[in-house]
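Chains A and B supply the protein sequences, listed in that same order. Just so we're aligned, residue 1 is where the first sequence starts under the numbering used here, counting upward by one. Just so we're aligned, residue 1 is where the second sequence starts under the numbering used here, counting upward by one.
There may be inaccurate statements among the hints.
[Stated by the list, open to error] Just a few of them, taken from the derived set where beta-carbon distance is under 10 Å, the chain B residues facing chain A: (1) 4; (2) 9; (3) 13; (4) 33; (5) 35; (6) 37; (7) 44; (8) 50; (9) 85; (10) 92; (11) 97; (12) 102; (13) 104; (14) 109; (15) 110.
[As the list claims (entries may be wrong)] To spell it out: a stretch of chain A is covered by chain B in this simulated footprint if at least three of its residues, at any positions, have a beta carbon under 8 Å from a beta carbon of chain B; those stretches are: (16) 89–95; (17) 101–114.
[Unchecked claim] Just some of the chain B residues that point at chain A, by a computed CB distance under 10 Å: (18) 6; (19) 42; (20) 43; (21) 46; (22) 52; (23) 91; (24) 95; (25) 103; (26) 105; (27) 108; (28) 115.
To be clear, the hints were calculated from the coordinates, so they are not data collected in a lab. Cβ atoms here follow ideal geometry from the backbone N, Cα and C, with glycine treated the same way.
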Amino acid sequence: DTGVSQDPRHKITKRGQNVTFRCDPISEHNRLYWYRQTLGQGPEFLTYFQNEAQLEKSRLLSDRFSAERPKGSFSTLEIQRTEQGDSAMYLCASSFTAGPYQETQYFGPGTRLLVL
Amino acid sequence: AQTVTQSQPEMSVQEAETVTLSCTYDTSESDYYLFWYKQPPSRQMILVIRQEAYKQQNATENRFSVNFQKAAKSFSLKISDSQLGDAAMYFCAYRSALINSNYQLIWGAGTKLIIKP
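Let the hints inform the model, and build the full structure from the sequences given.
Here it is as structure tokens:
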């Protein structure tokens, strides 16, 4: 399977715990994006990387959220001191940086987080 | 700031019939991209069709076609010969073409499409 993969697919945690999600983009894609989707809503942009550089992080929801892409390949999204309001689906997407389809983002299956 | 509006929370159509999903957007930019994504109950977001704003010709992908009205800022999706597998949430999304944008997709709230057998 050469699509975007995310791990874990589901995560249940207790309030106050830290969680980390992983995203593996399509191998040829340089850009990687994180979105959050709450039930019944469209996704909400969080951050994006071009290679290993995080070029936009002002949309991260609070300083409890952080993301990394250390070698320009996979990325991690960490939420510290989780709150019940963090319960959502976290989506990862990737895209090319150039070429005729560079504007198209391809999504992974998402990680569903439930904070108890 | 750009916004995307999908005014139909839910639509239903008889199998084999045609259905049109509505999307309007607001932007001051002249160059951008528009997308329709499908999210079946399994929740993976799948690209259905894309449109480049500078192209006047409406995009088509097999049974899926769009009606892009740039002046009216309207981007509707037509699904012909509806199939049971088309049942899903459909999201309309906008992306700026500006080089210094953050390339984020701006999303509508979605339309749930129900296919009646």
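Problem - When the least beta-carbon distance from residue 102(B) to chain A is tested against 10 Å, hint result - result: holds, 4 Å
Practice task
Using 10 Å as the Cβ threshold, decide whether residue 109(B) counts as touching chain A.
Solution key: holds, 6 Å
Exercise for the section: Mind checking the CB of residue 97(B) against every CB in chain A and telling me if the closest is under 10 Å? Expected result: holds, 7 Å
Exercise for the section: Grab the minimum C-beta distance from residue 44(B) to chain A and call the hint holds if it beats 10 Å, violated otherwise. Expected result: Where the cut-off is 10 Å and the nearest Cβ of chain A is about 5 Å from residue 44(B), the hint holds.
Practice task
Double-check residue 37(B) for me: the hint is only fine if its C-beta lies closer than 10 Å to a C-beta in chain A.
Solution key: holds, 8 Å
Exercise for the section: Go through the hint on residue 104(B) and say holds or violated, using the shortest Cβ distance to chain A against 10 Å. Expected result: holds, 4 Å
Handout entry: Restraint satisfaction for residue 6(B) [CB to CB of chain A, less than 10 Å]
Key = Hint holds; residue 6(B) Cβ to chain A Cβ min 8 Å, cut 10 Å.
Exercise for the section: Report holds or violated for the interface hint on residue 42(B), using the least CB-CB distance to chain A and a cut-off of 10 Å. Expected result: holds, 8 Å
Exercise for the section: So, residue 110(B) near chain A? Judge it on the closest CB pair being under 10 Å. Expected result: holds, 6 Å
Problem - Given hint residue 9(B) near chain A, where the shortest CB pair must fall under 10 Å - result: Because about 9 Å separates residue 9(B) from the closest Cβ in chain A, which is inside the 10 Å limit, the hint holds.
Practice task
Would you check chain B against the region 89–95 of chain A, counting CB to CB pairs closer than 8 Å, and say if three or more residues qualify?
Solution key: holds (count 4)
Practice task
With chain A as the partner, please determine if residue 52(B) meets the hint condition of a C-beta pair closer than 10 Å.
Solution key: With a closest approach of 8 Å, the residue 52(B) hint holds.
In summary, the numbered hints that this structure violates are 3, 9, 28.
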